Amino acid sequence: MIGAGVVGLATAVQLQQAGYQVTLIDKDGPAAGCSSGNAGHFATEQVFPLASFAVLRQLPIMLLNPTGPLRLRAGYLLRALPWLLRFVANVAPGRQQALQQALSALNQQALPAWQRLLAVTQAEDLVQYRGALLVSEQVSLKKLAATFRQYQQAGVSVRWLEQAALMAREPALSHKVQGAIEFPDVAHTVDPYALCMRLFAKFQALGGEFRQHEVRRIRAHADGYMLDLAEGTAAGYSGQMAQQIRTPQLVISAGAWSHQLCRQLGWKVPLEAERGYHLMTQSRPLQCPVSSLERKFIMTPMQQGLRLAGTVEFAGRSSKPDYRRAKVLLRHANQLLAEPTAADPQAEPWAGNRPSLPDSLPVLGACPKHPGVFYNFGHQHLGLTWAACSAEILLATIRGDKPAVAVTPYRINRF
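Residue numbers for the sequence shown follow the numbering used here, beginning at 1 and rising by one.
Just so you know, the hints here were simulated from the structure itself, not pulled from any lab data.
Every value quoted in this text rests on a predicted model; they were computed, and no experiment measured them.
We put the beta carbon where it would ideally sit given N, CA and C, even for glycine.
Fair warning: there could be bad hints in the mix.
[As the list claims (entries may be wrong)] So the derived label-pair ranges between C-beta atoms look like this:
#	residue 1	residue 2	range
1	G19	A347	51 to 59 Å
2	Q21	P112	22 to 30 Å
3	H370	S140	53 to 61 Å
4	G266	Q178	52 to 60 Å
5	R95	P66	25 to 33 Å
6	S319	S52	23 to 31 Å
7	R57	Q264	52 to 60 Å
8	S140	S52	50 to 58 Å
9	P345	R219	43 to 51 Å
10	P345	Q264	19 to 27 Å
11	Q21	E162	52 to 60 Å
12	G155	E294	24 to 32 Å
13	S319	R57	45 to 53 Å
14	R217	H175	55 to 63 Å
The whole structure should be built from the sequences, with the hints applied where relevant.
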């Protein structure tokens with residue numbers, strides 16, 4: 001199993017518990033990327049594909065703002081163009097409906113699957129079921145009302161909160177906030193890294209093996225597959241081959257690096273790295289996650305403070321992060337909070353790469369070309385949300401059982 005982010009860890013636990021002997025391989029260690037730096041929000045309300053006419057209308061304004069919610073670095077435009085063209089193609093009404101159904105199918109399974117996994121890993125204390133809020137600062141609330149109707153029509157459980165009800169629900173919010181949509185059935189984790197490490201501890205307790213190496217090469221072998229692993233050093237990877245592993249079955253769940261491994265097996269997957277940022281504050285005045293309709297970011301209360309997370313940056317995985325994009329989140333937060341907060345001096349701004357496909361769906365299921373190869377990656381902004389349910393779906397697929405959700409929309413050969 002390649003990849004020890006939250007999706008890979010959830011899958012490894014499920015497989016090991018089901019009686020498979022799993023070797024988990026990751027070049028950076030467990031929960032080293034987005035799995036520890038995410039917003040901590042189990043976003044089961046997010047049933048709409050990222051591509052929409054509304055997003056396309058806002059693109060010119062957002063792209064011109066270097067610290068806005070979306071940025072495409074000028075030098076990366078040609079590299080990102082094929083992905084962006086596929087993204088735009090998914091705006092067609094027929095595609096929107098099909099994608100929404102596929103997103104909703106996973107979201108409906110997400111929290112029940114997590115509850116089962118939390119019980120197995122004894123991690124219930126790290127998840128709180130306090131709902132979430134989407135707030136607006138516009139006096140008319142017309143845009144928020146239209147968004148509310150969209151969620152209702154999509155079958156998402158929502159409540160409308162006028163300002164007085166909102167202030168009673170979250171008194172730490174500023175009176176600049178005029179109203180909100182409440183999502184009562186949403187949860188959040190108070191520590192994404194600790195949650196991942198509970199999964200990792202359970203995996204090892206079940207007898208799973210972990211190796212911190214980089215997978216350099218995958219080759220078909222007479223009785224399965226051969227993996228060439230690179231030797232790790234304190235400064236990175238030496239390039240020397242550490243060892244080879246033979247395996248009859250293989251799961252690729254390597255986040256934003258998954259497409260490089262897929263290419264070795266004959267699949268060209270249009271996966272792009274969406275860089276996101278977060279900043280931690282010293283205080284945590286909120287009781288539940290609060291996102292902003294206008295400012296496009298989220299504030300999540302955690303054990304260490306309030307996590308301010310969001311933004312999308314297309315710049316390539318190897319480019320240097322622009323931490324101004326994290327620091328601007330503090331200005332946004334202080335516009336929404338009744339009492340200003342400050343950045344935690346002990347916590348550095350964070351950046352990580354979300355693995356996103358142009359149709360907003362993950363790659364999940366068996367490889368049509370290579371028996372014994374399976375995929376579970378490309379979960380975009382919903383890696384935490386879908387980790388447990390996609391692990392259950394993949395386990396059923398590997399066993400030859402009927403999964404709770406049909407995998408047809410998520411197959412790798414849809415591209």
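Tested hints:
Distance hint check: the CB atoms of G19 and A347 are about 41 Å apart, inconsistent with the given range 51 to 59 Å. Our hint of 22 to 30 Å for Q21 and P112 holds, since their Cβ atoms are close to 27 Å apart. Between H370 and S140 the beta carbons are some 55 Å apart, a value that agrees with the proposed interval 53 to 61 Å. Range check, G266 to Q178: Cβ separation about 53 Å, and the 52 to 60 Å hint holds.
Distance hint check: the CB atoms of R95 and P66 are about 31 Å apart, consistent with the given range 25 to 33 Å. Distance hint check: the CB atoms of S319 and S52 are about 27 Å apart, consistent with the given range 23 to 31 Å. A hinted range of 52 to 60 Å is violated for the C-beta pair R57 and Q264, which are about 39 Å apart. Take S140 and S52: their Cβ atoms lie about 22 Å apart, and the range 50 to 58 Å is violated.
For P345 paired with R219, a C-beta distance near 49 Å keeps the hint of 43 to 51 Å intact. Restraint check, P345 to Q264: a C-beta distance of roughly 44 Å breaks the suggested window 19 to 27 Å. In this structure the hint that Q21 and E162 lie 52 to 60 Å apart at CB holds, the actual value being about 56 Å. Our hint of 24 to 32 Å for G155 and E294 holds, since their Cβ atoms are close to 25 Å apart.
Between S319 and R57 the beta carbon distance is about 27 Å. The supplied range of 45 to 53 Å is therefore violated. Checking the proposed 55 to 63 Å range against R217 and H175 shows it holds: the Cβ atoms sit about 59 Å from each other.
Comparing the model with each earlier hint shows violations of hints 1, 7, 8, 10 and 13; every other hint is respected.
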